[in-house]
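Read off the chains here:
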Amino acid sequence: MIHASSGVAIAVFLAFVGAVLAISFYLGGKAKSAQGYFAAGGGIHWAVNGIAFAGDYLSAASFLGICGMIAFFGYDGFLYSIGYLAGWIVALFIIAEPMKRLGRYTFADALDNKFNSRGIKLAAAISTLVVSCFYLIPQMVGAGALVTPLLGFPHWVGVLIVGCVVTLIVTTAGMVSTTWVQFIKGSALVALCTLMTVMILARGVRMPDGEAATALRRGVPASEVTGAPGAVVLPEEGGWAGKPFVRVRDEATGMVSVWRKSGEGMLDVAQTLTVMPDGRRLANGRPQGTGPGQGDLIPAGQAARLPGGVKETGPLGPVGFLQTMQDSEIVLWGNEKIVEADGGATTVYFQKPTTGKDFMAPGSSPTFRKVRSEKLGDKLDFLSLMLALFCGTASLPHILIRYYTVKDQISARKSTVVGIAAIGFFYVLTLYLGLGAMTSGTLDVTDSNMSAPLLARSFNELLFAIISAVAFTTVLGTVSGLIMAASGAVAHDLMTNYLKMKMDDARKVRAAKVAAVCVGALAIVLGILFAKMNVNFLVGWAFNIAASANLPSLVMLLFWKRTTKQGITAAIIVGMISSLTWILLSAQAFKDVYGLDPAGALVPFSQPAIVTIPLGFLVLVVVSLLTGRKEQLAEAAA
Amino acid sequence: MGGLDFKAPVTQEQEEAHVIAYNSRLGLALFAVYVLFYGGFMALSAFRPEVMGRPFMGGVNLSVVYGFALIVAALVLALLYLAASRKSPAGSAS
Numbered sequence: 001m002i003h004a005s006s007g008v009a010i011a012v013f014l015a016f017v018g019a020v021l022a023i024s025f026y027l028g029g030k031a032k033s034a035q036g037y038f039a040a041g042g043g044i045h046w047a048v049n050g051i052a053f054a055g056d057y058l059s060a061a062s063f064l065g066i067c068g069m070i071a072f073f074g075y076d077g078f079l080y081s082i083g084y085l086a087g088w089i090v091a092l093f094i095i096a097e098p099m100k101r102l103g104r105y106t107f108a109d110a111l112d113n114k115f116n117s118r119g120i121k122l123a124a125a126i127s128t129l130v131v132s133c134f135y136l137i138p139q140m141v142g143a144g145a146l147v148t149p150l151l152g153f154p155h156w157v158g159v160l161i162v163g164c165v166v167t168l169i170v171t172t173a174g175m176v177s178t179t180w181v182q183f184i185k186g187s188a189l190v191a192l193c194t195l196m197t198v199m200i201l202a203r204g205v206r207m208p209d210g211e212a213a214t215a216l217r218r219g220v221p222a223s224e225v226t227g228a229p230g231a232v233v234l235p236e237e238g239g240w241a242g243k244p245f246v247r248v249r250d251e252a253t254g255m256v257s258v259w260r261k262s263g264e265g266m267l268d269v270a271q272t273l274t275v276m277p278d279g280r281r282l283a284n285g286r287p288q289g290t291g292p293g294q295g296d297l298i299p300a301g302q303a304a305r306l307p308g309g310v311k312e313t314g315p316l317g318p319v320g321f322l323q324t325m326q327d328s329e330i331v332l333w334g335n336e337k338i339v340e341a342d343g344g345a346t347t348v349y350f351q352k353p354t355t356g357k358d359f360m361a362p363g364s365s366p367t368f369r370k371v372r373s374e375k376l377g378d379k380l381d382f383l384s385l386m387l388a389l390f391c392g393t394a395s396l397p398h399i400l401i402r403y404y405t406v407k408d409q410i411s412a413r414k415s416t417v418v419g420i421a422a423i424g425f426f427y428v429l430t431l432y433l434g435l436g437a438m439t440s441g442t443l444d445v446t447d448s449n450m451s452a453p454l455l456a457r458s459f460n461e462l463l464f465a466i467i468s469a470v471a472f473t474t475v476l477g478t479v480s481g482l483i484m485a486a487s488g489a490v491a492h493d494l495m496t497n498y499l500k501m502k503m504d505d506a507r508k509v510r511a512a513k514v515a516a517v518c519v520g521a522l523a524i525v526l527g528i529l530f531a532k533m534n535v536n537f538l539v540g541w542a543f544n545i546a547a548s549a550n551l552p553s554l555v556m557l558l559f560w561k562r563t564t565k566q567g568i569t570a571a572i573i574v575g576m577i578s579s580l581t582w583i584l585l586s587a588q589a590f591k592d593v594y595g596l597d598p599a600g601a602l603v604p605f606s607q608p609a610i611v612t613i614p615l616g617f618l619v620l621v622v623v624s625l626l627t628g629r630k631e632q633l634a635e636a637a638a
Numbered sequence: 001m002g003g004l005d006f007k008a009p010v011t012q013e014q015e016e017a018h019v020i021a022y023n024s025r026l027g028l029a030l031f032a033v034y035v036l037f038y039g040g041f042m043a044l045s046a047f048r049p050e051v052m053g054r055p056f057m058g059g060v061n062l063s064v065v066y067g068f069a070l071i072v073a074a075l076v077l078a079l080l081y082l083a084a085s086r087k088s089p090a091g092s093a094s
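Just so you know, the protein sequences line up as chains V and D, in that order. Numbering follows the working numbering, with no gaps: position 112 of the first sequence is 112. Numbering follows the working numbering, with no gaps: position 44 of the second sequence is 44.
Just so you know, the hints here were simulated from the structure itself, not pulled from any lab data. Predicted model, so just to flag it, every value in this text is computed and none were measured. We put the CB at the ideal spot given by N, CA and C, even for glycine. Hints should not be assumed to be uniformly reliable.
Said to hold, decoys possible - List time: in silico DSS-like cross-link candidates among lysine-lysine, alpha-carbon distance up to 27 Å: (1) V:261 x V:352; (2) V:513 x V:565; (3) V:513 x D:87; (4) V:532 x D:87; (5) V:352 x V:311; (6) V:513 x V:500; (7) D:87 x V:114; (8) V:311 x V:357; (9) V:375 x V:357.
Stated by the list, open to error - Anything over 10 Å on all C-beta distances counts as not near chain D; from chain V, calculated: (10) 190; (11) 242; (12) 250.
Bound conformation, chain V alone (with noise of 0.2 Å):
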């Protein structure tokens, strides 16, 4: 869909933006000249970093994603919500303590302690830049998502402008995300959220009316459509051969309208967007533009059917909206991709009228609709995506860094509490942004990633604008946090202890610095490459790898005493690579990233956690014990 900016909003943008940028830039400087961010720790209140745990860990993926998983699918959305969350438990009762306790910041920095071995900091420097590099991603797309209804770029454009931004003050100035403007942020990501969520119950749910309900007419007589005057059915040949649809030409204006048929001699509205070969883009039939004689998709979100047969609910309460929405039939969009004759591709977007029953119950999206089967193999990819979401919080190499800012274990472990306090109410929120979403009409159903902020335009553009404005410097927040992290990888643990390169500082700070261009210049394409994706699955898949590279190693380190450097370093690199490699070989990447067809996958299921984790134990123990037993024979050799 094109998107209209307005004025109003890009100045709200623009002023909060710059005004966070300033406050971080001033933070930042002061921070530098006060022993670094790190040794300054003792002095931030437990309270204060909790809500900081927050803003770090809510970053655009938790609110773009998820809202816009829980629009386009239903409950499905929310299981990550669950999973996110509860990972924390696990940081929480099992990592964070003993981790403090050795005295490092990251997971390198604790295996390096304990045996300071060659092969760990490689293993552990690579790993950290594969599970930052596919964290950066669903950050960059969501970062697009969010400039193309605000300032009317395509998607690409918005992507460069944050890799240019970030990479820009990365190099410069060496921006430190400090604990203040993460907290600013959380703080006003969970106020704007109860904002919407309040406004969405006072709303209600309401049916279309006027044109947005002929717009998207269902259940049309077939006879009505193909025996209209002008109206020429089409053959059904190449792509569109075998497929439900039927589409029509108006003889009169030679434009295509595409239905798709909905029981017996009934015909659905369907919207189409066509790629033709020389590039030009026909959104349901018309060249796609805002101008005379062009069109575009119609926004969709809408109630088929409310609880009583009602027009509108009026306002209602949180529990009286969710009985409301689970009673309720409401039009949800599937698609199909069609290969036309000519080379060109059409995507028809069609409307799935879906009962609240089958929405709000897991399973409810294409990815995970498998666990209602009766085959236990089937309900794998679901099982594993709720335990990469369990295990991977622990594991990313950035979250555990804020457990550190604190003075001691006691404000450490109060600061988690708020920080699970504020991140779980904002996830309950969700689904009632997600759900609001759903029926706002205001939806694009090329993109979900925009849902909760076109949710927030359905209110007003003021709302839409602070809203985009405060996902926008949380996206601008994580990357560059995640660009400085990949670069310090590879500056200091690769470059430095690992190649034993002799740098001084000026150099080191040089090196990190082209690793910074480097990383931002591979961010920008990869996230243009992956611009159609959820990107609250990307984020899934970077937990998937976090969870299976680190954690086997992690927990065994803390908790098993015959663990080899050997074990680690092996664990490490096969948990990295294997669930890589299971994600790039994935059904959902075959469709998504390379447009094949994903019935050619090469892994059954999408998420490799439940194959991938305990492979990283077995091998794990294995080595461990292989390389063990080597050691005591040569010491009683000795």
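Given chain V, put chain D in place with the hints provided.
Relative to chain V, chain D alone:
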């Protein structure tokens, strides 16, 4: 590059061995409770999806109630841990 300074000195907290042992046992016990609760959610969703779709409390179905409960339970367990964990009497951080 202040943010990358992972090697800055950390103020080590003095903790007594029995306090550490008590706290980590407590953590593991609470963790086990949550794993059971979370595992129950996974198992029900995967093997009894029809149960998850049924109205459970106040007309809201079990999957939503269970989901909210998992979020609340995480907070409750974290609060429990905060209340029940010991701190070393002799050594605080600074």
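Here is what the structure says about each hint:
1. Annotation: proposed proximity of residue 261 of chain V to residue 352 of chain V holds, straight-line Cα distance about 11 Å (limit 27 Å).
2. For a cut-off of 27 Å, the pair hint linking residue 513 of chain V to residue 565 of chain V is broken: about 31 Å separates their Cα positions.
3. Pair hint residue 513 of chain V plus residue 87 of chain D does not hold up; C-alpha atoms about 43 Å apart against a cutoff of 27 Å.
4. Between the alpha carbons of residue 532 of chain V and residue 87 of chain D the distance comes to roughly 50 Å, so the proposed pair goes past 27 Å and is violated.
5. Between the alpha carbons of residue 352 of chain V and residue 311 of chain V the distance comes to roughly 20 Å, so the proposed pair stays at or under 27 Å and holds.
6. As the CA atoms of residue 513 of chain V and residue 500 of chain V are separated by approximately 19 Å, the hinted pair is consistent with the 27 Å bound.
7. Taking the CA atoms of residue 87 of chain D and residue 114 of chain V, the gap is near 25 Å; set against the 27 Å cutoff, the hint holds.
8. Distance hint between residue 311 of chain V and residue 357 of chain V is fulfilled; the C-alpha atoms sit about 20 Å from each other, no more than 27 Å.
9. Under the criterion of a C-alpha separation no larger than 27 Å, the hint pairing residue 375 of chain V with residue 357 of chain V is consistent with the structure, at around 22 Å.
10. For residue 190 of chain V, the non-interface assignment is confirmed: its Cβ lies about 14 Å from the closest Cβ of chain D, beyond the 10 Å cut-off.
11. At the 10 Å boundary, the C-beta of residue 242 of chain V stays outside the reach of chain D, the nearest C-beta of that chain being 31 Å off.
12. Against the 10 Å criterion, residue 250 of chain V stays outside the reach of chain D, whose nearest CB is about 43 Å from its own CB.
In terms of the numbered hints stated before, the structure departs from hints 2, 3, 4, listed from lowest to highest.
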